[in-house]
Amino acid sequence: MKSLQSLLQSLAVFFGAAFLQWLWSSHFAPYGIAPQLLLVLTVAEASRRGAPRAMALGFFWGLFLDSMSARLFGADALALVLLAYATGLVRYQMDSGEAAPQAVLAVSASWAYFLFLGVVSWIFTQRFSWVGWTNFLVLPFYNGILAAVLALVRPRRRGT
Amino acid sequence: MQREAKISNYFLAFYCAVCLLLLSLPLSVPVASLKAGVVYIMDPAIFTGEKAQERLAQLPERIRGLITADQENQVFRAQAQESLWLEDNLKELSVENQRLRSLLGLRAPRGWSPLWARVMERDPLNRYHSFLVDAGQNEGVAVDDPVLGPSPAGLAVVGRVVEVRPLSSVVLLLTDELSAVAADISSGTVEGLVQGQGDARLLLNYLPPGAEPQAGETVYTSPTSAVFPGNIPIGMVAKVRPEDPFLAVKSAEIRPEVDAAALADVAILIKRAARPVLLEPAK
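Each protein sequence line maps, in turn, to chains F and L. Adding 2 to a residue's 1-based position in the first sequence gives its number in the working numbering. Adding 693 to a residue's 1-based position in the second sequence gives its number in the working numbering.
Calculated directly from the structure, the hints in this document are not laboratory data.
Only part of the chain F face toward chain L is listed, based on derived beta-carbon distances under 10 Å: (1) G64; (2) L65; (3) M70; (4) L74; (5) V83; (6) L84; (7) L91; (8) I125.
Cβ-Cβ distance ranges computed for the label pairs, FRET-style: (9) L:A698 x F:A102: 20 to 30 Å; (10) L:Q772 x F:A102: 53 to 63 Å; (11) L:R757 x F:Q95: 45 to 55 Å; (12) L:V731 x F:Q7: 23 to 33 Å; (13) F:F30 x L:L793: 46 to 56 Å; (14) L:L714 x F:V92: 25 to 35 Å; (15) F:Y94 x L:V731: 29 to 39 Å; (16) F:Y94 x L:L714: 25 to 35 Å; (17) F:F30 x L:Q695: 36 to 46 Å; (18) F:Y94 x L:Q767: 47 to 57 Å; (19) F:D97 x L:Q767: 46 to 56 Å; (20) F:A102 x L:V724: 37 to 47 Å.
Ideal Cβ placement from N, Cα and C applies to all residues, glycine included.
Please work from the sequences and hints to get the whole structure.
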């Protein structure tokens with residue numbers, strides 16, 4: 003019963019976040035810039051609940067992002083899985099439930115994500131896919147702010 | 694913690710393997726179709742324009758057909774809306790054409806030029822008081838110009854201009870209580886004064902005691918009128934009022950020839966200027 007509830011909760015989180023990301027990036031993106039909600043949530047999920055669940059969510063969110071973009075199919079999924087795994091490794095070394103560490107994690111994860119996508123693109127298509135300086139310099143901080151806000155809004159889990 | 698790390702490692706290996714498999718496979722037809730379908734549902738705008746044609750060309754025939762059919766459907770819907778709008782417009786133009794045709798056959802009295810104007814605004818409190826027309830000083834309209842309206846019998850009296858602005862004029866209707874015009878009955882021998890009553894009826898007053906107006910007789914403007922040219926229909930005698938033994942005059946109710954409250958176009962009569970006479974220079 004508990005596992006079913008958890009599964010339903012995960013599905014709700016998955017579809018709700020995917021819808022919000024689409025809504026935000028297509029309707030509320032001044033100058034074409036919208037935060038990467040799915041990336042921020044993957045990192046937040048990994049730092050709060052551990053890597054396995056975040057990796058699963060990140061994988062499917064990544065596939066969703068891949069299906070929405072013209073990039074290599076699977077690159078976003080791989081990037082989010084790796085970010086979830088890396089966050090899971092460092093979650094015990096910091097108080098990742100607080101707003102400031104969440105923001106730092108989100109900013110670092112965003113830069114890592116952009117560079118990783120470029121490298122993957124270079125490996126598979128021999129062309130480094132660069133997101134542009136505006137996205138590279140602005141988006142991570144936008145993501146950081148969003149992560150901090152989410153950390154403040156979201157109730158803390160006991161024992162974390 | 695150890696258990697979580699172990700599970701994470703298994704998960705990592707599994708997801709990486711799947712992702713690498715997806716990455717290393719060429720973008721096969723089903724994946725491209727799926728992507729096109731999802732992207733088209735989420736954001737159809739990017740499937741318009743030159744780039745979209747390139748994108749569509751790479752898709753399988755059936756998916757391309759679906760997307761183009763949806764786009765064509767949207768275009769046809771817009772065209773259907775437009776044709777509905779055009780149909781409405783056509784109907785409106787047809788009605789207007791019919792109205793203008795009926796006006797075309799009307800002739801103004803000799804010595805006057807008709808200036809056709811549209812009724813713009815009516816007095817909201819009393820539709821038989823006055824209205825505003827879209828012709829004014831710039832078109833040569835002056836105060837006291839007679840205003841006529843189309844009726845089955847030709848042009849009939851509606852009122853007179855009482856206020857002139859550059860682009861519009863105020864017309865005081867004959868049905869207003871302040872309006873009056875000298876009139877005679879179709880026999881041409883009996884003259885009276887038609888006065889407005891503030892409603893749809895007029896009153897033909899001050900008829901001499903010997904006059905015998907009959908219901909259905911037409912009432913015309915009198916040639917003695919200071920404002921209106923003579924012999925223009927005003928209305929028909931609807932009811933002769935009983936004679937008052939204390940009054941030396943008779944009166945009758947008149948039904949106006951034109952319902953001024955429902956008029957859309959009126960003719961303002963402008964007196965034709967006398968042709969200038971060119972005098973020969975004295976030798």
